[in-house]
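Q: For reference, the chains in residue letters:
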Amino acid sequence: MLEKMIIGRYVPGTSFVHRLDPRSKLLFIFFFIFTVFLANDLLSYSLLLAFTFFAVWLTQIPFRFLFNGLKIVFYLILFTFLMHVAFTKGGEVLFSIGRFHIYEEGLKQGFFISIRFFTLIFMTTLLTLTTSPISVTDGVERLLNPLNALKFPVHELALMMSIALRFIPTLMDETDKIVKAQVARGSDLNTGTLKERFQAVVPLLIPLFINSFKRATDLAVAMEVRGYRGGEGRTRYRQLAWQGRDTLVLLVLFAFSGVLLYLRMKG
Amino acid sequence: MAIVQGERVNFSYDEEGPRVLHDVSFTIDRGKWIAIVGHNGSGKSTLAKLMIGLYLPTEGSLKMFGEDYTEQNVWNIRERIGVVFQNPDNQFVGTTVQDDVAFSLENRGVPYEEMRERVMEVLRQVSMEQFLDAEPHHLSGGQKQRVAIAGAIALHPELLILDEATSMLDPQGREDVMRTVTELKETTDVTVISITHDLEEVLLADEVLVMNEGKLLFQTTPEEMFRHGKKLEEIGLDLPFTLRLANLLEREEINVAHELTEEKLVEQLWTLYFNK
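Residue numbers (the UniProt record's numbering), protein chains in the order written: chain H, 1 to 267; chain V, 1 to 276.
Please keep in mind that the hints were generated in silico from the structure rather than gathered at the bench.
By construction, the Cβ of each residue, glycine as well, lies at the ideal position given by its N, Cα and C atoms.
One or more of the hints may lead you astray.
Unchecked claim - Covered stretches of chain H (chain V as the covering partner; in silico rule of three or more C-beta atoms under 8 Å from a C-beta of chain V):
1. 14 to 26
2. 84 to 93
3. 181 to 189
4. 258 to 264
To be verified - Here's a subset of chain H near chain V, in silico, CB distances under 10 Å, partners left out:
5. Asn40
6. Asp41
7. Ser132
8. Ile134
9. Thr137
10. Leu159
11. Met160
12. Ser162
13. Arg238
14. Gly267
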């Protein structure tokens, strides 16, 4: 099940959404979160769903792929739905089982909250599916740039993020090697009580930690020798280009929020 | 003109700790390819660290381009040196090949347009231009080291230091890296210092510094060095295949001249057979 998890994964592509600037996508998600909370009735929630599906269609990522990848999340949504159905009171009683009543309001709230949850998860997943982690880092760095004035170490933070991303596969490979080495020495990782299994992990973690420190030292030396002296006076190789389509996407979102706001005021 | 000049260089990592380098004096001339060989713990890697300015000599002086390292000039001197380290993974800073090559350029504030050109230029020099967007875990060790070379030469350094750059590679990767350096040496006037314990690599060099237990044993040409075959084996260095074979043949009373290349040895052997 975990292999199918797609939260945080990146699927390379050339769709409209893929080609957007990471900054516009990050801003889009940020404002979308507020937009979701504007919806309050059947019409506005339907619009919200339609909007989300339209975004999915734009990414050209097969809906089934997305759906299968988010299965775990659907259990969570289902759980939330049932909680609302069971415990929210108000409106007419739809039907009762013994002393247990299901109210109209509970069902409605359950549906709405589930849609809210669903659209939020879908949209944020679309962000990571269509944007490489390093682009996300670039986007975050640029968006946080004004914080530099407050002495917030934006560049260092972004560099840490990119190095962490760079080393994830390396450390995965290493973990794999250590597991094999320990298994070859008779370590048993898959059976035994929870405590025993936990203890079997320790001989994996220790070499991994020691090697990571060694890597960190090597990397620091390599960076220093290649002239790294912090963010000051550095130029950037990775360029971001804000284009018409980025502005367009944000305008569409604002227009959509306006519609939802109008519906809310009217209703 | 001397590019590196060591005069009675002494070094220990701790004040009370053992001496890692004892009175090492040598001169490395511009435009040469110098190999520094020695067994583990012979002090050859420490010497490299001093040349990069990561440490300063405890006693004596080590002049790079005629200057001793000081706090003020360390960044200027380093700008003229490119270094490739041992572990291909631990020196790959960028998330893709081109980002990694650009890292040293970014650090020096090179403008974007110039960076693009330089990255392409150096990647072409190491024949890695078709891997622009490849991520490090999809590359072999040899490819990663070639990217590291590209990163090191992106600033057109006068001196390229290879600190055991091939010791973690498979034979194919090693050959590719050495071929890249050889081509680089032919097309530019860069000085190369390769630190290694592989005596076959030494054959490519103009001069060799043999280190043992923190002392400089001798500085000479590769051909001359291999005349001291016994001595080299005593200090724990593996002789190249051709020399080992010649030594073994000698024991069987088949005398061949001690040649360094396989072709020459083969030639000797078959003529020997026909002359019988």
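Q: Run every hint past the structure and note whether it holds.
A: To see whether the hints hold, each was checked on the structure:
| no. | hint | result |
| --- | --- | --- |
| 1 | 14 to 26 | violated (count 0) |
| 2 | 84 to 93 | violated (count 0) |
| 3 | 181 to 189 | violated (count 0) |
| 4 | 258 to 264 | violated (count 0) |
| 5 | Asn40 | violated (43 Å) |
| 6 | Asp41 | violated (45 Å) |
| 7 | Ser132 | holds (8 Å) |
| 8 | Ile134 | holds (5 Å) |
| 9 | Thr137 | holds (9 Å) |
| 10 | Leu159 | holds (9 Å) |
| 11 | Met160 | violated (12 Å) |
| 12 | Ser162 | holds (6 Å) |
| 13 | Arg238 | holds (7 Å) |
| 14 | Gly267 | violated (48 Å) |
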